[in-house]
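What follows is each chain in one-letter form.
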Amino acid sequence: MDTQTPAEQPQALPFTFHGKAGEFFGIWIVNLLLSVVTLGVYSAWAKVRTNRYFYGSTRLDGDAFSYHARPLQILIARIIVVSVLIIFNLVISIEPMIGLAVLPVFFFLFPWLIGRSLRFQARVSRWRGISFDFDTAYWPTFVTIYIVPLITIFSFGLGAPVATKLTWEWYLGRHSFGDRPFTSEISLGKLYGLFGVLFVVGFLAFGGLALVLAVSGIVDRLSASAAGDFAAFGALLVIYSFVILLAILQLVWTAGVRNIAFETLVLDGKHHFRSTISKRRYAWIVVSNLIVTVLTFGLMTPWAAVRLARYIASATAVLPGGPLDDFVQDVKETSGVIGEEYVDLEGIDIGVGL
Amino acid sequence: MAVLGKFRRDGEARATPAFLSRDGKLLLLLHREGTGEFLADAERRDIDLSPRIASIPRQVSLPGGWSFETEDNDGIDALLGRPHDRLVPALERFGPHLVVVAVISVMAIVGLVRFGLPAATDAAVNATPPAVEKAIAQGSLASLDRTLFKPSDHDPARRAAIEARFAQLVDAYRARSDARGEADFRLLFRDAPFVGPNAFAFPGGTIVITDDLLDLLPEDGPVLAVLSHEIAHVHHRHGLNSLYRSAGIGALILFLGGEASQLAEELVVQGAVLSNLAASRSMEAEADLTGVAIAVGAGIEPEGLVTALAALNADCPGCDDASWSSSHPSFAKRRNAIRDAIKRSGEVRSVTSER
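Chains as they are written, first to last, in the numbering used here: chain A, 1 to 354; chain B, 1 to 355.
Bear in mind the hints are in silico, worked out from the structure with no lab data behind them.
One should not assume that every hint holds.
Derived DEER-like restraints, expressed as beta-carbon distance ranges [to be verified]: (1) 63/B - 201/A: 56 to 62 angstroms; (2) 329/A - 63/B: 19 to 25 angstroms; (3) 10/B - 204/A: 55 to 61 angstroms; (4) 97/B - 185/A: 48 to 54 angstroms; (5) 156/B - 79/A: 49 to 55 angstroms; (6) 157/B - 113/A: 37 to 43 angstroms; (7) 325/A - 10/B: 15 to 21 angstroms; (8) 156/A - 246/B: 31 to 37 angstroms; (9) 157/A - 194/B: 30 to 36 angstroms; (10) 198/B - 187/A: 54 to 60 angstroms.
Heads up, the beta-carbon is just placed ideally off N, CA and C, and yes, glycines get one too.
Same shape as in the complex, but just chain A (with noise of 0.2 angstroms):
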């Protein structure tokens, strides 16, 4: 049935998202309401509700993508981080040396905890039947995590580029849908000619503020003793000026970065990918949906957040090197059961993703 020829020109095919901002507020402010009354226990569920509702309306080639973590795993898990968290407080108030003894077990224990996350994350995720899964092993991640943040630090900032290729090859490289590997190579040329653009429009664009500050005289006015309210907002909108052009920097790079790196993804050898986010559009996106955010004090959150994962889907495509359908025919399910899969720490941010 299946006999199109290898050298056609593969048809792209484009995620797509579904959802909609009147569904999403719903779910999404019921999950505040229950969270709330139930002082914080429902929102195992709500967390579940949240990712089984941004999953299943995503999809590619016609199939959604389904979210499968259980809502207890991830109470127990809470429960567990609280615990600890509380226990060591208690520790380091009541004898501080010993909070130094513990932290390098925590040191040590950090990577294997990120791994396991990750692949939880992974493994509960879902297309077409088959999860996907992540590769745990404690070096590299070891290194990705403690590592490779210091090119940065030690090259003065110039070396961001190298750190964000490894990590995002790390990332992506360890991932496998099924048994199948993604592997990744970025080209760092490309990574330093983004980095450079930016680099050079940050630079103009922080001297052009601090120059207008210093001319307007507002610094000095901030800095005269009598403090009162007003100079307090002053102060705050200085600082927020440089932290949201900071904020729109960073958006470009990340942006940038994605498109960069999803460039060289492939998977089993054969499928590529494609991310074609623009980024002027994606920081318009991410700047206005905070102005409406704040505006109505919080209650567009859904719609700001269905309209940016809208426009993330429909900017990334995947390249089939072939038949989809026979591919996922061959796909395997990797071993392991979820429910063995305990460890899920949230709020883990390690420079990935979107």
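Here the structure of chain A is known, so what remains is to put chain B in place on it, guided by the hints.
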């Protein structure tokens, strides 16, 4: 009745279009679409139906890792759903009732922060045994001694005199009917050049006064008024209270923050900082009032606290910012409140002495 969907065997991505139907109360049957060929069956109690969320596809997990996926939300609910599974989806459905949900949510959050948190903090403070309180104080004092504190090099004769009057002050406090019996008062002198003129009350009763404060207050009277204020902090267990309060707010953010956006979380964190500052200001005001009562009871001139605050204020021009970003109320506010309290305590005294 049957529901159309996709059937998959364990670990296989190949999907077979299939109908799911039900035979009686227990048995579930799967047949290939079109041919009607039998594919699988399972007991109702052995299968798991993913919860309904808006209109996303639903998964039925069968024994052995087999699965059935359908887009027909109403159909699968009619076939397999249990009544209580529909409560949350019904609530989540977009409609005017969400306004009520939003209002209740906001009221619940405000209530939790405004009333629930203080109540929980008080309960936790009351449940903390004095031994734990003392251990916490010793730990933080030990680390301060290693970092910011140095042994005092203030005039030993004056230190001894203050110590003697502090002991009388403590005795007078202990004689009060509402005194905390388990508090173990100790006065320590430290040189802390990076801290400046200040006094600290640690949980359990250890009070530290810095050399800079002794230099700033040449008379012993104001120093003892300051110590009355610190004893009042110990009396109200303010140290533990603020410790637990920050921990409670941290836990709230941890649990509720995940539901909001990163930005909303940022706002919540800022709000928490402001609310901690507000709590700190009200604790200072409370310690001022109780401190006056303790000083009056011990025969110490309570106006000394105003003298001390005025000296602190003069020592650091511009430090007195009376705003939401300050941990202490403004000097003027504290002075007026202290003087009101002194006046009231004087009236009480004159009434009792007339009898």
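These are the hints, each one checked on the structure:
no.: 1; hint: 63/B - 201/A: 56 to 62 angstroms; result: holds, 58 angstroms
no.: 2; hint: 329/A - 63/B: 19 to 25 angstroms; result: holds, 22 angstroms
no.: 3; hint: 10/B - 204/A: 55 to 61 angstroms; result: holds, 58 angstroms
no.: 4; hint: 97/B - 185/A: 48 to 54 angstroms; result: holds, 53 angstroms
no.: 5; hint: 156/B - 79/A: 49 to 55 angstroms; result: holds, 53 angstroms
no.: 6; hint: 157/B - 113/A: 37 to 43 angstroms; result: violated, 58 angstroms
no.: 7; hint: 325/A - 10/B: 15 to 21 angstroms; result: holds, 18 angstroms
no.: 8; hint: 156/A - 246/B: 31 to 37 angstroms; result: holds, 36 angstroms
no.: 9; hint: 157/A - 194/B: 30 to 36 angstroms; result: holds, 32 angstroms
no.: 10; hint: 198/B - 187/A: 54 to 60 angstroms; result: holds, 57 angstroms
Violated hint for the displayed structure: number 6, the only one.
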